[in-house]
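Enquirer: As a plain string of letters, each chain reads:
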Amino acid sequence: MEAIVTQFFNIEIMVKALPLVLQGFGITLLICVVVIPLGLVGGLLAALASVSQNRALRWSAIAFVDLFRAVPPLVLLIFIYAGLPFAGLSLSPFAAVAIGFFLNNSAYFAEIFRAGLLSVHKGQTEAARSTGLTQTQALIHVVLPQATRNVLPDLMSNVVEVIKLTSLASVVSLGEMLHAAGLVRSLTYNASPLVLAAVIYLVMLWPVVRLISRFERRIAS
Amino acid sequence: MEAFLDTFFNGAVLARYAPSILQGVWVTVLLSVLIVISGIAGGSALACLRAYRIRLLSVLIVIYADIFRALPPLVLILLVFFGLPNIGILLSSFTVLYLILTLVLAAFAEEIVWAGITAVPKGQWEASRSTGLGFTQTLIWVVLPQAVRIVIPPLTNRAIAITKMTALGMVIGVPDILGQATTAQSFSANASPLMLAAIAYVFLFLPLVIFSRWLETRFAAPGV
Amino acid sequence: MTQAAQGAVAPPTLTVRGLRKSFGAEEVLKGIDLTIARSELVFVLGPSGSGKSTMLRCCNRLEEPDAGEITLEGDPVTGPKVDLNRLRLRMGMVFQAFNLYPHLSALSNVTLALRKVRRLPRAKAEALGLAALDRVGLKAKAGSYPAQLSGGQQQRVAIARALALEPSVMLFDEPTSALDPELVGDVLAVMQDMKAQGMTMLVVSHEMKFARDAADRVIFMDAGRIVEEGSPEQIFEAPQHERTETFLARFSGRG
Ligand SMILES: Nc1ncnc2c1ncn2[C@@H]1O[C@H](COP(=O)(O)OP(=O)(O)OP(=O)(O)O)[C@@H](O)[C@H]1O
Ligand SMILES: [Mg+2]
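Chains as they are written, first to last, in our numbering: chain A, 361 to 581; chain B, 21 to 244; chain C, 927 to 1181.
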């Protein structure tokens, strides 16, 4: 019991690790701020393409989505960070993370937006067009708001997934929170810094996870 | 073009490392199958337990499910892999990866199956109980068969997402596809092993992704 | 099968004594007393929210009574040591919304309890199930799924599901309220047929014509109490209570 406390919940070590871990947390947030909007925009565009009338566009969008849903994000990230330099394309860890996550997140967000778009009844567009709105106006003012609302829990839960995914950046030595905690762990041979990082993730994400569960139940009933 | 081929599809490198990556494929497949079976079974069992609405038990299940859904799997993997040896528990990297991803999948599966159970109308319970079936019998014969239909598409998606995370094993030295490929890459100083790994993952998971897409249209209730 | 069979006088099929039930602060049943003799058809009337469904659901304890005693053929229904599932085999219930199992065929809907509670072998259960479906005129639909049946057919399958267990009493909660008018007749015909065969029935419904034709006794409920009871003639032609009168007046226009 005491061993568990000193090895996992060692306050002294946590206090020492805190500045570095918090600095890492800042970078985690920075990654989120860059990567989430990128994924949302990429996903929305891919979703629109995947329901378009143009056959070629539609199928390339679906192929893009399925391809990047099939490749594990870590594989993608390492490929970009460690593989591309052999082709003369060296990227900073941050750029590699941004590109890798953009491709991965877009695919997942696209699938969600697509379901949302398909959930909006065709009559909605027709009604909007009948009042003189253009196709684009109907999309922006009538279809998209409904589509987004219909899949809001899924969008939120994917945002949680993206935030969790930022921990992968530690593998390419981007000094986000997990990387910082792992560094202190390797210096102290004590797992408490990792527990500290876990607690911070938990404080950040637990309320969202709870909220999503509530949301989903309300929609189900 | 030649430089590209030489970097990503180098024949000599591929021939040399293909066998080890193929071994990695087996490790990935084995892990995935084990995780999917035990994760879904565990999560479903927890969801069923929750149906009995025993206060304390339900609260514990929810806390477990929330924690394992909120924490990044990589954090859990590192925590267990590097933390447990310090208190005298030695687990292989394979075991750690299997355990954590099973727990994560079970947490998600619990939430999904529970949502499926609660989506079955109350009248179904009442009809069944009114003919003398007990609570457990109703759960097994009336409610779960209906919940399964609701649950299959999201459960499939989640299972795919989590089995893909077996790639995280590379960080703690599991000789899965990615683990083998990064080792090979550092020895060969060439990107071909990584390319081969990516292709292997696409080969393994693309059919599943397409299958899940088909499931979604198949199970989508008409008119909803 | 019942203790009563050995006694000199057979006890009533169903008795309810001092039944009370509250939801939160709202007392929905304020002391219900009711006795139903063997082969009797008791028809329950009353405004929405008067507690009709709650009373019915207390009889087989889908709703747990707060106070009161219920017996079935002399056997206690309320009380801690009752084997509820065994007892429910002897009380069929038919719901307004049918509540057929959508994942099972009509026949499997009917045989589920036969197999899982009465533990009959499949062949035996299916023979009984087909016989029950035959009684409601739907033997030909044994293989159909609920989604492939009309509302009236679904409700008849639901009746067969209860009938197959050979219950001592059948509880009906507005069995025709969810049906299109042209489908109501089929269901009522089945109920009339059951009555002719001697089934004991407690029926909550708004089908006044059926009450006149088939009921032995009509009960009028209001605000959690039985306000008035009597033969159909008494209740419909000469109601004693003002509330019964106003309630019936609202229906007289509809025949
Ligand atoms: N599960 C419940 N929880 C809370 N209140 C309930 C519940 N079931 C019934 N009630 C309330 O109890 C009262 C009686 O309901 P009940 O369904 O027994 O009436 P009813 O006579 O069957 O009405 P109707 O003709 O509309 O079916 C109503 O006020 C209703 O809102
Ligand atoms: Mg009612």
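Hints in this document: simulated from the structure, not taken from any laboratory. Note that the structure is predicted; figures quoted are calculated from it, not measured. Treat the hints with care, as some may be off.
[To be verified] Pairs of lysine-lysine, BS3-like flavour, derived with a Cα cap of 27 Å:
| hint | chain 1 | residue 1 | chain 2 | residue 2 |
| --- | --- | --- | --- | --- |
| 1 | C | 1067 | B | 142 |
| 2 | C | 1135 | B | 142 |
| 3 | B | 142 | C | 956 |
Enquirer: Now, for every hint given, state plainly whether the structure supports it.
Expert: Cross-check of the supplied hints:
1. C:1067 - B:142: Holds, because 26 Å separates the two Cα atoms, which is no more than 27 Å.
2. C:1135 - B:142: Distance of about 31 Å is beyond 27 Å: violated.
3. B:142 - C:956: holds (26 Å)
The structure shown violates just one earlier hint, number 2.
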